[in-house]
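Those protein sequence lines, which keep their order, are chains B and Z.
Position 738 of the first sequence, counting from 1, maps to 738 under our numbering, and the rest follow consecutively.
Position 66 of the second sequence, counting from 1, maps to 66 under our numbering, and the rest follow consecutively.
Rather than coming from a laboratory, the hints here were simulated on the basis of the structure.
Treat the hints loosely; a few may be bogus.
In silico DSS-like links for lysine-lysine, alpha-carbon gap of 25 angstroms or less [what the hints assert, rightly or not]: (1) B/26 with B/128; (2) Z/266 with B/107; (3) B/278 with B/409; (4) B/434 with Z/65; (5) Z/266 with B/26; (6) B/747 with B/853; (7) B/432 with Z/266; (8) B/962 with B/853.
Residues from chain Z shown here face chain B by an in silico Cβ test under 8 angstroms; the list is partial [to be verified]: (9) 8; (10) 67; (11) 109; (12) 265; (13) 301; (14) 302; (15) 316; (16) 386; (17) 387.
According to the in silico footprint, chain B covers these stretches of chain Z (three or more CB under 8 angstroms from chain B) [unchecked claim]: (18) 27-38; (19) 71-83; (20) 210-223; (21) 283-289; (22) 351-364; (23) 368-375.
The structure presented is a predicted model; accordingly, all values stated were derived computationally and were not measured.
For each residue, glycine too, the CB sits at the ideal point set by N, CA and C.
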Amino acid sequence: MTQDNRLPAGGLIDRSRTLSFEFDGKTYTGHPGDTLASALMANGVTLLGRSFKYHRPRGLLAAGSEEPNALIQLERGAHTEPNTRATAIELYDGLNACSQNRWPSLKYDIGVVNSWLSRFFPAGFYYKTFMWPERLWMTYEHVIRRAAGLGVSPRLPDPDRYEHRHDQPELLVVGAGPAGLAAALSGARAGKRVVLVDENPQLGGSLLGSRDTIDGQSALDWVAGVRAELAEHPCVRVLTRTTLTGYFDYNYLIATEHVTAHLGPQASDDLPRQRLWKFRAKSVVLATGAIERPLVFADNDRPGILLASAVRTYQHRFGVLPGRRLVVFTNNDSAYSTAIDAASAGVAVTLVDCRDTAGDAAERGADAAGVTRMMGSAITGVSYRNGLQSVDVMALSADGTRVDGPVQKVPCDSACSSGGWNPAVHLHSQAKGKLRWLEDTHTYAPAACASTMPHSSVGACDGEFSLDQALNAGWAAGGATGPAPSAERVASIGALRPLWVVPCDHPVGEGPKKHFHEFQNDATAADLWLAQREGFESIEHTKRYTTTGMATDQGKTSNVNAIGILASSRGITVPEVGVTTFRPPYTPLTFGAIVGQNRRHLFHMVRKTPIHDWQADHGAVFEDVGDWKRARYYPKPGEDMDAAVRRECQAVREGVGLFDASTLGKIDLQGEDVAWLLDMLYTNAWGGLAVGKCRYGLMLNEHGMVFDDGVTTRVAENHYHMTTTTGGAARVLGWIEEWLQTEWPDKRVHATSVTEQWAVMALNGPRARAVLEALTEDDVSNDALPFMGFKEIQLAGVPARVFRISFTGEQAFEVNVPARYGRFVWEQMVAAGAAHDMVIYGTETMHVLRAEKGFIIVGQDSDGTMTPSDLDMDWIVSKKKADFLGKRSLTRSDTSRDGRKQLVGLLSEDPSLVLPEGAHVVSELRAAPPMPMIGHVTSSYFSPNVDGGRSIALAVIQGGFKRKGDWVDLPLIDGRRVRAKVVDPVFVDAAGERVKS
Amino acid sequence: MSRYSVFSLVRNAFSYHQNWQRAWRSPDPKREYDVVIVGGGGHGLATAYYLATECGITNVAVIEKGWLGGGNTGRNTTIVRSNYLWDESAALYGHAMQLWQGLSQALNYNVMYSPRGLLHLAHSVHDMQEIQRRGNAIYLNGIDSEFLSPEQVREMVPFMSMEGRYPVLGALLQKRGGTARHDAVAWGYARAADAAGVDIIQNCEVTGFDIQDGTVTGVQTSRGRIGAKTVGVVTAGHSSVMAEMAGFRMPLESFPLQALVSEPVKPVVDCVIMSNGVHAYISQSDKGELVIGASSDAYNSYTQRGSYDIIEDTLQAICEMYPLFTRMRMLRQWGGIVDVTVDRSPIISKTPVRNLYFNCGWGTGGFKCTPGSGHVFAHSLANGDMHAIAAPFSMDRFNSGALVDEGAASAVAH
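Please model the entire structure based on the sequences and the hints provided.
Set out below in structure tokens:
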């Protein structure tokens with residue numbers, strides 16, 4: 001196909017090169033510098049998509065990121081991207097695009113039946129029906145869901161990567177149109193560190209689509225000069241293809257740089273697809289321009305009807321016009337430039353102006369260019385059949401509510417409208433800036449901004465529509481002295497006649513023609529009125545009821561029109577209607593860009609112990625515990641987990657085992673008030689702990705509930721080594737810091753996380769000492785290092801801290817060495833242990849062994865609702881201490897009542913049956929739920945060491961201590977009903993002799 | 001109230017929808033009501049509806065500072081479920097679940113309650129223990145609950161990654177869990193309450209309480225004094241402010257909670273998926289938008305606005321669950337203010353002021369209980385005594401220690 005709509009000359013495209021691309025399976029050509037939208041326009045393709053609700057045929061409305069209609073599925077396979085605005089896609093060779101939301105084809109779409117039935121589908125119709133019968137809702141919904149949605153989400157892994165960058169400019173300028181360029185240049189000359197961002201590939205903004213003059217030269221030459229000068233300033237960063245999308249507290253702003261969008265899938269793998277910039281800016285200048293709003297006239301959504309400014313942009317930036325016979329419909333002077341420029345290119349232009357007169361310059365220019373003017377008139381209908389055929393024009397009444405007289409049919413193949421301009425106040429509003437309504441141009445413009453987000457708005461986004469004022473305001477905001485760039489002072493909008501809804505030959509909303517203010521979601525003026533009639537008066541209600549402004553363009557072209565329509569129908573002012581909140585992002589922001597590199601293995605760092613690699617080499621099976629990888633068990637060939645764990649469990653109790661406990665939380669406490677702090681943190685008394693001694697403690701939260709436990713050791717006079725649970729390490733450190741910083745700032749304690757500074761190896765079993773002795777010349781006998789003792793020794797030539805503590809109930813030594821020696825010492829121990837048939841065991845065996853002893857795991861056997869008393873640990877709660885954290889709560893009526901859940905042991909009736917953890921004990925077994933629950937199994941294992949091998953469990957049961965010896969029922973979710981006997985939770989060595997051996 | 005139906009829709013189509021009635025009136029406040037509900041969100045409107053339709057108290061006003069449903073009702077991620085651990089919670093949320101069924105028909109308003117199924121993923125042994133315990137409890141409380149193997153999860157959610165940083169080891173499924181259309185819930189209750197005689201008064205801010213001899217007698221508002229025999233305060237994130245006006249402290253902390261949606265796409269996520277391990281949740285709206293949320297901001301605030309880093313964390317988690325979604329785009333993000341109790345369970349309670357009741361503390365998960373909350377609160381207000389299901393949620397529990405600690409058990413974002 002040839003580019004029939006391409007003008008013979010003009011545009012910022014490179015005509016020397018031709019690019020080939022595909023749309024809906026057909027091949028077309030374009031040029032570098034085109035967008036997909038301009039290239040399709042050049043090829044005469046006007047039908048680009050279907051609307052969301054009615055599936056009406058839609059074409060381009062805009063030339064920029066405000067486009068609501070022309071959403072396409074870009075590329076296929078792994079590179080596919082739904083809902084992409086054709087106006088924002090730079091053309092590259094081989095580009096592949098498809099239309100969306102249509103079946104079987106864009107031209108013949110079955111969904112158009114919705115359009116025929118649209119009379120029955122007003123705003124909110126779905127709240128009124130699809131209710132009968134109730135069970136069919138899921139069927140209705142299934143159909144609705146399939147009809148809804150637009151494009152298709154990717155189904156293959158994303159081959160691209162994304163990255164984050166940070167910058168802290170003194171001056172961040174958003175938008176590189178005339179005002180923004182003036183601001184950036186001014187800032188650069190004033191010596192500031194400037195960042196200038198713009199969503200377009202070139203600098204210039206509105207200047208790219210116009211024919212203005214600045215400082216006596218063509219605007220494009222002026223832009224080139226500014227670009228060159230900015231490039232020479234070392235402290236200026238210019239980012240094109242970069243959209244500032246979010247403005248957050250304290251001038252924190254987010255922008256996305258589309259690094260490879262213009263290259264397509266063939267872009268180099270070295271480049272990220274998008275780069276997300278995070279700016280913390282000292283000052284911000286918003287120069288985001290203005291967005292034209294369409295006139296809301298009968299069937300204004302037909303393909304081929306654009307915004308007036310868009311037509312001008314297509315002409316000057318891309319050298320293309322949408323047709324040969326153009327109708328321009330306007331209520332202000334700005335569209336005259338479109339008409340004049342198009343006429344100059346040889347297009348037959350009819351200008352329909354709802355005003356009786358326009359500005360002098362505008363009228364003279366139009367007449368000189370040969371534009372046919374129809375003043376005081378309005379478009380009242382559109383003939384569309386596979387393209388625009390004509391528009392109907394009628395005379396508009398003085399009050400703008402009626403059209404009169406004969407219908408004049410104006411043949412045309414394209415049309416455009418201008419209903420005025422909306423300053424792009426989105427970022428200002430995101431920054432909690434207030435808005436003011438300008439009565440002359442009928443627009444919202446920025447007013448005061450929040451003190452936490454200081455910025456200024458300049459140019460069109462400030463409601464200043466003349467080029468000269470934009471340049472001046474930008475220059476002043478940049479902070480330079482010297483004269484600002486200057487341009488001829490022209491009144492670009494003139495006297496605007498507000499005409500929020502253009503009447504037609506039947507009452508609006510009561511006939512076949514539709515007046516759209518919101519294109520993508522198919523919301524019409526009649527929908528707004530219906531919402532009002534039904535009491536959805538708040539603008540927020542109207543928005544939600546009609547879905548105005550909730551499409552992918554977030555109402556860039558529709559919101560102000562909606563507000564105007566509501567104001568005029570209710571007879572109130574626009575500000576009285578109110579505005580909805582502009583929320584980030586300005587344009588949709590790619591998940592990948594937000595996520596950046598923090599994917600897969602970088603999502604959450606994998607924490608590994610110094611011994612991890614040895615474990616991996618020796619066949620360990622790992623489990624995730626928080627961010628840690630912990631060796632769960634070490635299967636020998638042919639062993640499953642059960643077999644491996646039984647072997648490991650038995651070997652520890654009968655000989656010796658070695659366990660990597662490095663993940664245990666460790667906090668180094670120093671200072672003269674540590675003993676005092678420990679007394680407050682733990683329930684038991686710490687005053688008398690001698691240097692070289694360890695003590696076990698429980699920590700409670702404010703409610704008196706156990707929240708962590710561990711052993712703390714006094715390694716020197718004012719120096720303690722605290723251990724916490726693996727999962728609780730950060731929480732406990734935060735807890736300590738919170739109390740020290742907020743309640744006890746006078747206490748002299750330094751708390752430092754040393755979890756990763758120490759490798760911890762636990763030797764457990766009757767022959768543990770023998771293994772240790774093989775590696776040290778220091779005395780580690782029971783006398784020199786008794787149970788709950790601590791000693792610093794030389795082990796395998798390395799300084800080591802040895803704690804005589806045990807989580808298995810066996811003779812045990814927890815050896816801590818600096819992490820860098822961890823693997824070496826581990827290997828030495830493995831070697832020394834060989835003579836004693838030492839087993840290496842993992843967390844699963846650790847769990848079984850401690851359960852055999854009735855030792856709890858905080859977070860498993862207790863869950864934040866258990867007091868020490870509930871755990872049968874009253875012995876660890878000091879009755880003498882004046883205070884400790886949680887003490888107050890222990891005496892509360894519910895916390896101290898009888899019948900609370902209490903920790904007990906359970907033995908299942910069938911010794912081979914391992915009760916499922918999380919199974920509940922019921923007080924009354926019934927045929928079916930509901931059944932009253934009185935507790936649940938917290939830990940459950942097969943123990944090879946109890947009764948020659950049987951299952952054991954820990955549980956918490958209401959009044960459990962008094963139930964010992966009773967049988968209880970556990971109905972399982974799979975229908976099984978099992979019985980178990982309540983017993984003491986200590987299954988092995990109840991006297992506690994072994995640990996002291 | 002003219003009834004909505006497909007027939008009324010067709011009939012009105014022929015008069016170009018010119019003759020639809022207002023969904024609710026816009027009356028001036030009367031001098032006095034039997035019950036004044038402060039707060040026109042879902043819970044407040046539901047309370048008024050049940051007062052008028054079930055408790056025979058129709059002289060009721062709902063007073064709303066802004067627009068109906070503009071707080072957390074219109075800002076949540078629309079998830080409905082009742083798979084809670086503790087019996088007290090199961091009774092409350094299970095009660096709501098029963099009311100969700102048939103709610104559209106009862107209100108004559110399609111709230112689009114959609115039991116699409118809700119999955120809680122487990123990524124570690126600890127997660128598995130948690131869902132086993134909770135799933136068994138839910139089962140024994142007579143609520144639907146199933147465990148899924150990784151294979152079953154894969155079948156149910158085909159595009160989700162099973163082998164990420166934290167592989168999926170299993171899941172807890174509640175089939176009746178799903179979503180509902182949040183705005184429609186507020187509007188449906190408002191319309192039905194209005195039809196039953198309730199005055200709904202928007203743009204009316206309560207500025208103080210009239211309290212005589214320890215008994216509330218009315219409220220001061222931006223539209224003058226409104227007398228009331230009983231006042232129910234249902235103001236979510238601003239409940240602590242209201243309590244202060246009434247002269248006592250409410251054990252709440254208010255945090256910003258954010259959510260976001262993607263651009264709409266054709267169906268790709270059929271059920272609701274929650275992961276406490278990876279920490280995010282996702283569903284897809286009928287319109288096609290992916291609806292995504294995670295944890296609240298860490299600091300106290302009354303601004304309906306959160307910080308960007310939460311969005312980043314949330315989407316990292318979502319893209320960990322769904323690596324395919326990195327090319328999807330965030331369309332809109334917003335924040336609300338959630339009122340969080342220390343045990344992550346609500347407060348439905350009498351207060352130190354006679355005849356003044358509070359219903360608050362729903363934290364990050366109030367939407368799902370809208371019908372149940374309104375129902376038990378209405379009965380409590382009507383009888384002057386707390387409904388049996390509401391009784392465990394009295395604010396006395398913070399003195400007695402009888403917490404309903406959903407947070408302790410699972411540390412879940414609701």
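Going down the list of hints, with the structure as the test:
1. B/26 with B/128: violated (43 angstroms)
2. Z/266 with B/107: Cα-Cα ~20 angstroms, so holds.
3. B/278 with B/409: Violated - the C-alpha atoms of residue 409 of chain B and residue 278 of chain B are around 54 angstroms apart, more than 25 angstroms.
4. B/434 with Z/65: holds (20 angstroms)
5. Z/266 with B/26: It holds: about 24 angstroms lies between the C-alpha atoms, which stays within 25 angstroms.
6. B/747 with B/853: violated (38 angstroms)
7. B/432 with Z/266: violated (34 angstroms)
8. B/962 with B/853: Judged against 25 angstroms, a Cα distance of about 20 angstroms means the pair holds.
9. 8: holds (7 angstroms)
10. 67: holds (4 angstroms)
11. 109: With Cβ-Cβ at 6 angstroms, under 8 angstroms, it holds.
12. 265: Holds, about 4 angstroms.
13. 301: violated (10 angstroms)
14. 302: violated (14 angstroms)
15. 316: holds (5 angstroms)
16. 386: violated (17 angstroms)
17. 387: Because about 19 angstroms separates residue 387 of chain Z from the closest Cβ in chain B, which is outside the 8 angstroms limit, the hint is violated.
18. 27-38: violated (count 0)
19. 71-83: violated (count 1)
20. 210-223: violated (count 0)
21. 283-289: As far as the region 283-289 of chain Z goes, the hint holds, because 4 residues have Cβ atoms under 8 angstroms from chain B.
22. 351-364: Violated, because only 0 residues of the region 351-364 of chain Z bring their Cβ atoms closer than 8 angstroms to Cβ atoms of chain B.
23. 368-375: Violated - the region 368-375 of chain Z has 0 residues with a Cβ nearer than 8 angstroms to chain B, which falls short of three.
Comparing the model with each earlier hint shows violations of hints 1, 3, 6, 7, 13, 14, 16, 17, 18, 19, 20, 22, 23; every other hint is respected.
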